[in-house]
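**Student:** Given next are the chains, with one letter for each unit.
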Amino acid sequence: MKSGALVFLVAFMALAASWGGFVLAPQVQLSRSVQTNALGSSDLYPLGRPGLAKQGLEVYRANGCVYCHSQQVVQEGTLCEIVLTEAGTNAAAAAAAVAKLNSALGTGDAKSLLAGLPKMILQVADMNAAGPALKTLEAAGAKAEARVAPQGADIARGWGKRRTVAQDYLADYPVQLGSRRIGPDLANVGLRSPDAGWHLRHLYAPQNEVQGSLMPPYRFLFETRKIGKEAAPDALKVSGKLSPPPGYEIVPRPEATALVAYLQSLRADMPLEEAPLTPPAATVASTNAPASLTNAPTATPAAK
Amino acid sequence: MTAPAATSYFRSPSAPVTATPAEIDASSRLPMFALVGGAALWLVLSSLLGLIASIKFHSPNFLAGSAWLSYGRVFPASTNALVYGFAIPAGLGVGLWLLARLGRVPLTQPWLIAVAAKLWHLGVLVGLLGILRGDSTGFEWLEMPRYAAVILFVAFLLIAFPAFAAHHSRSERQLYPSQWFVLAALFWFPWIYSTANLLLLVSPVRGVAQAAIQWWYSGNLLFVWLALAGLGAAFYLLPKLTARPLQSHYLALFAFLTLILFGTWVGIPAGATLPAWMPTLSGVATVSTLVPLLAIAMIAVQTVRGCRTECAGGPLCFVKFGMSAFVLSGVMLAISALPEISRVTDFTWFGTAQNQLRLYGFFAMTMFGAAYYILPRAVGIEFPFARLIRAHFWCGVAGSLLLTLPLAMGGVLQGFKLVNPNVAFLDVTKSALMFLRLGTVGELLIALGNLLFLLNVLAVIATCYRAVCTKAYTAITKRLEPTPDPSKEGNAEVRV
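Top to bottom, those sequences are chains W and P.
Residue 226 in numbering that gives the first Met the number 0 is what sits at position 227 of the first sequence, and the numbering runs on without skipping anything.
Residue 349 in numbering that gives the first Met the number 0 is what sits at position 350 of the second sequence, and the numbering runs on without skipping anything.
Calculated from the structure, these hints are not laboratory results.
One should not assume that every hint holds.
[Claimed, not checked] Short derived list, chain P residues pointing at chain W, Cβ under 8 Å:
1) A183
2) R205
3) T272
4) F424
[Stated by the list, open to error] The following label-pair restraints were derived from C-beta to C-beta distances:
5) W67(P) to A195(W): 20 to 28 Å
6) A390(P) to D194(W): 50 to 58 Å
7) Q150(W) to L121(P): 50 to 58 Å
These numbers come from a predicted model, not from an experiment.
Cβ coordinates follow ideal geometry from the N, Cα and C atoms, glycine included.
Could you build all of it, start to finish, from the sequences and the hints given here?
**Tutor:** Right, here's the structure in full:
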């Protein structure tokens, strides 16, 4: 190339192309995104975070949480799970049907086959493949349902129920996707650890809550102060070396409260058209599992 | 009075100025001092901040009481000091010198560039303080807040315009490959930096489009810009130091075109939460960067092959190592864009290792070589501590390898455990700890090397200013006292 103008022209065209592709095109494709209806419900999603959680996002940004925590759940496809909910009146027929569908469960007696309902008895590729299996079970008088179940390491770790999609981040600024997982993924931390007290104690002294954690403590988000007329209701219950001197208490500063509100608001579990998922809500209600262990009906995400 | 200065920017090519290389070198002295000297300072600061960040992995309670020194602030401050404090000004300084030397034209009004360089460094200072006090934007590689970004942008333009002007009024019309790379780098940064700042900070776009722009920006900054500025210097220094011609101009043209064509799409990870066509396109482009990479490797190998010059820890050693690190980090980048591999390496230390290898192993080492070549010429004296240069070289080599190779291995190991849900997450994190310790040793060596670099640069600047001062002092004393006074003369000599 002999002239500077030609260098500029070539550089201009190359950069303009990628500018059009990765800056302009996403605007065209995504900028008109609006709240959508969740799959099979009239709930709007996403609702946006409440005010305190929005302030918490600012604390999250300012302190660079994103350098250790991602907020993206990856999945490797979905499977369809056939879940037996009720065996019906004819246990023997139901057991036979189950054994026929999935010989790997063994051909033992009906009792062991039908124990612990609701129970996932078969995984098939998609909803279409689930039809015949459901029919077989129905013919035996049992009740079963097919659920869309996302698969993958992140899902298996309990970091999410489905992959995260563009819709999940629509209301956030700045979007904190993250690129390293030195700490666990936080896309659904509000779902996983809803307890505000735990979050506060964990921020103050991570190693007290998670043995061997590498997370640095964020004690500058808290204040050790003299107990007034009566102890503050949100004073931290810290024991051991870190406990405050007698007559003093450790209370979260507004930043800590806001950050925890943000963490609690993090949940991306609404079933969406681009990320389908069948919430196990209905069957959970039918079991007697304690409420705290279940994931509760997937009512209004982000609105706590 | 101002008219000749203004027109001198656009001197007609038909009236070529005959400037000797020594004059051109001297005209670049002030800008080089301001740009490279400041860069050396930021580099030392960056490695100190990086050390603080890295020690926190071995003892989480280290300096934990201070918000300003918490990991999430110190780490971005360290990477920003490295990229904006060191890499960009060093690249600009070397680029300016290349444009002047290859165009056979002295820089007009070098003091203006020096002032702009100080403005840039002020912007970096403001930005780093902003990050440390909690004003980080939250976008990786673009953490400096708006108020600092404005200063940086203006300062860059104030440096780029005189560079373009010098290029325009060059007396050697034929372009050498280094000039393409440097000119493109001067053009690239204002575009990507203004786009990222306008669409992420001034009037932010919604949702994941933010992430798309951030990835586009960081890919263009860390892959394309660094490659343009670094290769520009390498393609000048390799032939110069080996006394062999560049092999060849056509291959360099091919490398340049394919680099900007594919490189500008690099950066979006395969698993990103974006419309699927974006990571796919970015992945294809990233793998395609193997094409310019191969061309660049061929240029370097064929230019250096058969040369009889011993590099002996001098500039040639730095540039050769820089080229190897460029190729290695490029291969790492291309491999980790393959979906099957990115499944493992995403979210691990592997990406950090790859970035550090390009930033430090390639770019910083090439810039060191260039500075060690250019500074003595700009000043007209040799480096006072020549042996320290060799020590610096070995610190840099050992440090960058010890930092990046264990991190890359640790990253792969971490990745395999991460995709296996049966391994508890805490074990995943801990599996990388041993590699992180090695990495900290590497960072220590790098910090030592950076300190040696600062020492060398400051020594040259100090020697130069001492010579200037001595000259001025003797001139003044001579003018003030035309009749020699034996007692005063004696004093003057003592001062010297």
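**Student:** Against each hint, give a clear statement of whether it holds in the structure.
**Tutor:** Now for the hints, and whether the structure bears them out:
1. The restraint placing A183(P) at the interface with chain W holds, with a minimum CB-CB distance near 4 Å, inside the 8 Å limit.
2. Of the supplied interface hints, the one on R205(P) holds, with its beta-carbon coming within about 6 Å of a beta-carbon of chain W, less than 8 Å.
3. Nearest Cβ of chain W to the Cβ of T272(P): about 5 Å, under the 8 Å cut. The hint holds.
4. Interface restraint check: F424(P) against chain W, minimum CB-CB distance 5 Å, threshold 8 Å, status holds.
5. For W67(P) paired with A195(W), a C-beta distance near 27 Å keeps the hint of 20 to 28 Å intact.
6. A hinted range of 50 to 58 Å for the beta carbons of A390(P) and D194(W) is consistent with their spacing of about 55 Å.
7. Separation of Q150(W) from L121(P) is about 53 Å and conforms to the stated range, judged on CB atoms against 50 to 58 Å.
No hint from the list above goes unmet by this structure.
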